[in-house]
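Those protein sequence lines, which keep their order, are chains Z and L. Heads up: the first sequence begins at 12 in my numbering, then just goes up one per residue. Heads up: the second sequence begins at 12 in my numbering, then just goes up one per residue.
Please keep in mind that the hints were generated in silico from the structure rather than gathered at the bench. Among these hints, one or two may not hold up.
Below 27 Å or equal to it, Euclidean Cα-Cα: the simulated DSS-like pairs (lysine-lysine) are [claimed, not checked]:
no.	chain 1	residue 1	chain 2	residue 2
1	L	Lys22	L	Lys128
2	L	Lys22	L	Lys305
3	Z	Lys22	Z	Lys91
4	Z	Lys249	Z	Lys22
5	Z	Lys128	L	Lys249
6	Z	Lys128	L	Lys302
7	Z	Lys302	L	Lys128
8	Z	Lys128	L	Lys128
9	Z	Lys305	L	Lys22
Covered stretches of chain L (chain Z as the covering partner; in silico rule of three or more C-beta atoms under 8 Å from a C-beta of chain Z) [what the hints assert, rightly or not]:
no.	segment
10	23-30
11	69-78
12	147-156
13	288-298
Some, not all, of what chain Z presents toward chain L, calculated at C-beta under 7 Å [said to hold, decoys possible]:
no.	residue
14	Met161
15	Arg293
16	Pro294
Source: prediction; values computed, not measured. Virtual Cβ for every residue (Gly too), placed ideally from N, Cα, C.
Number of protein chains: 2
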Amino acid sequence: MKSKESRVGLKGVLAAVLTPMDEDLNPNHRAFAAHCHRLLAAGCHGLSVFGTTGEANSLSLNERLAAIEALVESGVPVGKLLPGTGSCALTDTVRLSRAALEAGTTGALVLPPFYYKGVGDDGLFRFFAEVVERVGDDRLRLYLYHIPQMTGVDLGLPLISRLIDAYPGVVVGTKDSSGDRERITTLCREFPDFSVLAGTETLLLETLRGGGEGCISATVNVTSRLARRVYEAHAAEKVDEADALQERLTQLRASIEAYPVVPALKRLMAVLTADDEWRNIRPPLSGLDEKRAKDLLSGVPLADLF
Amino acid sequence: MKSKESRVGLKGVLAAVLTPMDEDLNPNHRAFAAHCHRLLAAGCHGLSVFGTTGEANSLSLNERLAAIEALVESGVPVGKLLPGTGSCALTDTVRLSRAALEAGTTGALVLPPFYYKGVGDDGLFRFFAEVVERVGDDRLRLYLYHIPQMTGVDLGLPLISRLIDAYPGVVVGTKDSSGDRERITTLCREFPDFSVLAGTETLLLETLRGGGEGCISATVNVTSRLARRVYEAHAAEKVDEADALQERLTQLRASIEAYPVVPALKRLMAVLTADDEWRNIRPPLSGLDEKRAKDLLSGVPLADLF
């Protein structure tokens, strides 16, 4: 089993937080803060802002810096934030990671540089090493963000091992959005001091049982209440109850993940908050068309959300 | 045939210009300007700075803005510049495109937003439309940058057609780095007022004969002299001479393209200029190892370069 005591940082149920936008498609700081407070109230242990779900790569550096500042000012507890700070550009990743540290957050979730393909482990290692060296702050807790379906970049186990060895206590965990159960199990087994968070709540219970920390998921924007119940049943060692709740949670997620996930979640938020501003989305993403929105809204048990 | 008179902008042999970097991996403005002047002297009709070869996506917005400003100040003729202004983020693409216009450049080479995959033509159309609308300047000449092996995004002909129809005189051309001969021929035939530039000088003569404008290529950083001779032989309707020169050019490129192209070109530049600073490269790219560098340098006819 893992020596959990040696780990730092977040565990449990984390939302990959949506970024609400105004009519001009600028982040709406007020709505963003309100959503973060709502998610914590609904049971999230933590908030991973500015990831794929948060449309972070559709925002400029300054938009990301301003949004994190506004969020902290709104009183969201910084110890619960795991902001995405990745970018194709080394200098942007360094700047965002420093800003996250300065804001007092628990860690930084860092994408591999995703423009160049097939660069090999040496280039990827050098990128992450430069990030750590240039940030130059031993408070840094770097989580590797593995999402090959978007990045086209594979963070293989040899690379992860090399990074952990080079920066122990700094390269501390991963969000694994590969959806690959076996990979997650292997990560938990091979790297006992490393925090593994699955990219979907479908794998929440399995990841916890395998020794991982939990999940960071897009759909947790609306499933956090039920996801938290799974976590608590597991923590209380109520095996059957945890299984039954996980089954419900998996079904709930399945009713959403058949649709493009960020558009579907923004559409659900518009209904749940009675605020159509939630439907705004930055291109290249597009809102659901009316036919699909109708199917979504008739298929999801709205009363089970949040 | 194409009604070439209606076209604006650059044609002929364009280099996808390398970005020289100092020891701290910051763009070296002085060396950058010197290289641009050298390329023009060696026969380039134009310079596409800040593309894939220029490691543009490894630079921050401010680094790109500062470098273009320094370049213009150095006296490089702005009418010969086709800067890459693409980014995943709408707001960065708008900002960079505006800056390019303000500097007086001939056009802007724009990547599709490349983080999100499978977003569909509506989302991509909306992205480019927002760029055009937000730049809000009818001097804009937008070239679509098609390089699916890096972006994971396909700019299909229906999308291109839609953009040309929506923004005639603004969406004016494309750099096509797909390496797909048939696609390039089809683009030239289907869109007679649209400027088609191949992403490799291997297709220079074929593209010119098919009605395209020329090429924008990484390897033109070192093959510009010979590439220009192909262009001139074609312009003078010296068919056999053009064929023979293209064959030599294709061979010359082949001796380089077997290697990772940006590292190989930077290594060649270090030798050609006797300045090892040229070997600096920003991660995730890495310099060639000594074994491969030796193979490269022994296989390329150095006297044929520039």
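List in ascending order the numbers of the hints, as given earlier, that are violated by the structure.
Of the numbered hints given earlier, those the structure breaks are 1, 2, 5, 9, 10 and 12, listed in rising order.
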